[in-house]
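Place chain B on chain A using the hints.
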Amino acid sequence: MEGVGTEALVVRETFTVGLRRYSIEIQPDREPGFQLIRVESDDGLPSVEFKARLLASSGHARTLEVDGQIEDLLLLADGRRTLVERAGSTYDIQNGSSGDKLRATGHWSEDQGPVFIKAHMPGKIVRLMHKPGEEVAAGEGVIVIEAMKMQNEIKAPKSGILVKYLAKVGSNVNAGDPLCEVE
Amino acid sequence: MFRRILVANRGEIAVRLVRACRDLGVSPVAVYSTADREALHVRLADRAFHIGDSAATDSYLKIDRLIDAARKGGCDAIHPGYGFLAENAEFAGACDGAGLVFIGPGPEAMELMGNKVAARRAVSRVGVPTVPGSEQPVESTDQALDAARRIGFPVLVKASAGGGGKGMRVVDGESALAEALSIASAEAASAFADPAVYLEKYLERPRHIEVQVLGDAHNNLVHLGERECSIQRRHQKLVEECPSPLVDARLRAELGEAALAVARAAGYRNAGTVEFLVDSAGGGETPRYYFLEMNTRLQVEHPVTELVTGLDLACWQIRIAAGERLSFDQADVEWRGSAIECRVYAEDPNLGFLPSPGPICGLIEPSGPGVRNDSGVYEGFVIPVEYDPLISKTIAHGRDRLEAISRLHRAFGEYRILGVKTTIPLFLRLLVHPAFREGRLHTGFLAEHALTESPDQGDRQGEALAVAVAALEELNGRGTAADARNSVRRNRSAWKESARRHWL
Numbered sequence: 010m011e012g013v014g015t016e017a018l019v020v021r022e023t024f025t026v027g028l029r030r031y032s033i034e035i036q037p038d039r040e041p042g043f044q045l046i047r048v049e050s051d052d053g054l055p056s057v058e059f060k061a062r063l064l065a066s067s068g069h070a071r072t073l074e075v076d077g078q079i080e081d082l083l084l085l086a087d088g089r090r091t092l093v094e095r096a097g098s099t100y101d102i103q104n105g106s107s108g109d110k111l112r113a114t115g116h117w118s119e120d121q122g123p124v125f126i127k128a129h130m131p132g133k134i135v136r137l138m139h140k141p142g143e144e145v146a147a148g149e150g151v152i153v154i155e156a157m158k159m160q161n162e163i164k165a166p167k168s169g170i171l172v173k174y175l176a177k178v179g180s181n182v183n184a185g186d187p188l189c190e191v192e
Numbered sequence: 190m191f192r193r194i195l196v197a198n199r200g201e202i203a204v205r206l207v208r209a210c211r212d213l214g215v216s217p218v219a220v221y222s223t224a225d226r227e228a229l230h231v232r233l234a235d236r237a238f239h240i241g242d243s244a245a246t247d248s249y250l251k252i253d254r255l256i257d258a259a260r261k262g263g264c265d266a267i268h269p270g271y272g273f274l275a276e277n278a279e280f281a282g283a284c285d286g287a288g289l290v291f292i293g294p295g296p297e298a299m300e301l302m303g304n305k306v307a308a309r310r311a312v313s314r315v316g317v318p319t320v321p322g323s324e325q326p327v328e329s330t331d332q333a334l335d336a337a338r339r340i341g342f343p344v345l346v347k348a349s350a351g352g353g354g355k356g357m358r359v360v361d362g363e364s365a366l367a368e369a370l371s372i373a374s375a376e377a378a379s380a381f382a383d384p385a386v387y388l389e390k391y392l393e394r395p396r397h398i399e400v401q402v403l404g405d406a407h408n409n410l411v412h413l414g415e416r417e418c419s420i421q422r423r424h425q426k427l428v429e430e431c432p433s434p435l436v437d438a439r440l441r442a443e444l445g446e447a448a449l450a451v452a453r454a455a456g457y458r459n460a461g462t463v464e465f466l467v468d469s470a471g472g473g474e475t476p477r478y479y480f481l482e483m484n485t486r487l488q489v490e491h492p493v494t495e496l497v498t499g500l501d502l503a504c505w506q507i508r509i510a511a512g513e514r515l516s517f518d519q520a521d522v523e524w525r526g527s528a529i530e531c532r533v534y535a536e537d538p539n540l541g542f543l544p545s546p547g548p549i550c551g552l553i554e555p556s557g558p559g560v561r562n563d564s565g566v567y568e569g570f571v572i573p574v575e576y577d578p579l580i581s582k583t584i585a586h587g588r589d590r591l592e593a594i595s596r597l598h599r600a601f602g603e604y605r606i607l608g609v610k611t612t613i614p615l616f617l618r619l620l621v622h623p624a625f626r627e628g629r630l631h632t633g634f635l636a637e638h639a640l641t642e643s644p645d646q647g648d649r650q651g652e653a654l655a656v657a658v659a660a661l662e663e664l665n666g667r668g669t670a671a672d673a674r675n676s677v678r679r680n681r682s683a684w685k686e687s688a689r690r691h692w693l
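Here the protein sequences come in this chain order: A and B. To convert, note that position 2 of the first sequence is 11 in my numbering; the numbers rise steadily by one, no gaps. To convert, note that position 147 of the second sequence is 336 in my numbering; the numbers rise steadily by one, no gaps.
FYI, nobody ran anything at the bench for these hints, they're computed from the structure. Everything numeric in this text was worked out from a predicted model, so none of it was measured. Be careful, since some hints might not be right.
[As the list claims (entries may be wrong)] Which bits of chain A does chain B cover? Going by a derived footprint, with three or more residues having C-beta under 8 angstroms, they are:
(1) 42-51
(2) 65-78
(3) 90-104
(4) 139-149
(5) 164-171
Note that beta-carbon positions come from the ideal geometry of N, C-alpha and C, so glycine has one too.
For reference, chain A alone in the conformation it holds in the complex:
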């Protein structure tokens, strides 16, 4: 950013949302009170720049002016994770770059190698749909979890051999717990 005074502090941050990594650069804008925030993601989409300032802050509520528009949000941060609610959607943002390649969100980052299928939500294991050693096709159901009175079939993310189950029928699991391994 040319033209910004030498005393202007540029802060760089990394954040992760789901599978996307974001690099952020913040520096004070020429207009006092405003910050320029450049957001770049690792998936090739063009970077975006916001000119923003905080107007009000009370409890979890934040009111910002972003590019001339009022943004009224709810926010909760604990230093590691930031939850932001905007226009009905909640964004779960990890501060820093997460090194965990196995996500608890039901997405898988790689086609190669063994993957651990993880629970999307807390619940009770109702049924194991295969025997260890059996072949499963991508999209085929492998395990049934009951949560909130609904039975949910968890599907294989890729074709392969179901190596083993890591949970037993009747056991309770938390979101993110590994359920079985497919290789």
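Coordinates of chain B only, in the frame set by chain A:
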């Protein structure tokens, strides 16, 4: 009138019933499971009794504990709400045996309508059409296969004791039938303590339209018009409205008469709902309708009828159970304007409506002209994993349908829930969708219009902005901001505190 009423339920409906008690000058008594010790309905009641562990089978489904709580609380009546034991004739009988008034219909009507197979037979006898299906619960895969071949695929496997989309599966062909039977039956057993399932012809693109009836113990029975509940996911209603954009005065009278005939056949009193599937495929012709089932309880979606008719259904249930007469007859029932309800669930609409239980870290509820929000939560409440993930029902009333839609859209612009995924983003898309605004509804609407798939580009912009805000917050929190006016540090301890409570 009663002195004290035990509200044998939880969540938003328990809150709704506590309020109805207050409106009638009756003292509300709550019950709660271990997971619900801090729930809103407990906070609003006069007395509250712990009835067991978190699982519904250990608490809200325990008849003896509920009766015991009613006795200890000095109650003279029990309101079951919806779900749990609301349509359980054994519970109604147990209340009666304990000298407590069950706020609902008589056990005979519940038994008849609770058995979907028997209900279909009774309804056919009074000349109301039913969807083709198996006349008996199916007891084996072979039997189901025979029935399915006779009816013709696709078929719907349904819990005989069911409701609310639980224990229900669509089957397109023979190969998938056995699997669907076993899942539906297991769900039925866990949700209703009865694994029996039966088959019905699955109608493509039908509309779900139901009629509210209200009857007292003095042979007065009226219908309060229809609700359209065609916007569904997993066969569960998500959006309901009164009146239906399809129904004109003539069809309303016809559906109303059919509903009254069904209610009369069951000897019905109190509030009930007669559900129809309406086949509107033949444009121009009078739509054909089929009896689906009768729900012998207050419906989740009762507020839209309340707003349009001006009648408080929860209060009328209590008054009828106390022996009061309806103070109006059919000719007095008027429908004013239009009301629409959206069910805000703790589910991710962009990820197959995956449940999203957890803490409500921040909450700002909508208000303003024509908006009502029947909620069961507060900021700091943790939505338990054990129960239905309904957070609240947001309802808007307007002088016509489009005004109701605008008001509801405005309400969702104000509604803020931080901490769990909700169905609000879906409603923001739905309420501006041309086909929805034109009232071209059917039960496959969300899938047909791809409304459950997030518009990726729009959301990416939102995500980038959210990340920018998170970065700004972090900067401010560390106190390195160039502008001291941006400092959030004054409030830092408050939100750190909250984070500690919920996450650590």
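Practice item. Go through the numbered hints given earlier and state which of them the structure violates, listing their numbers in rising order. Key: 4, 5
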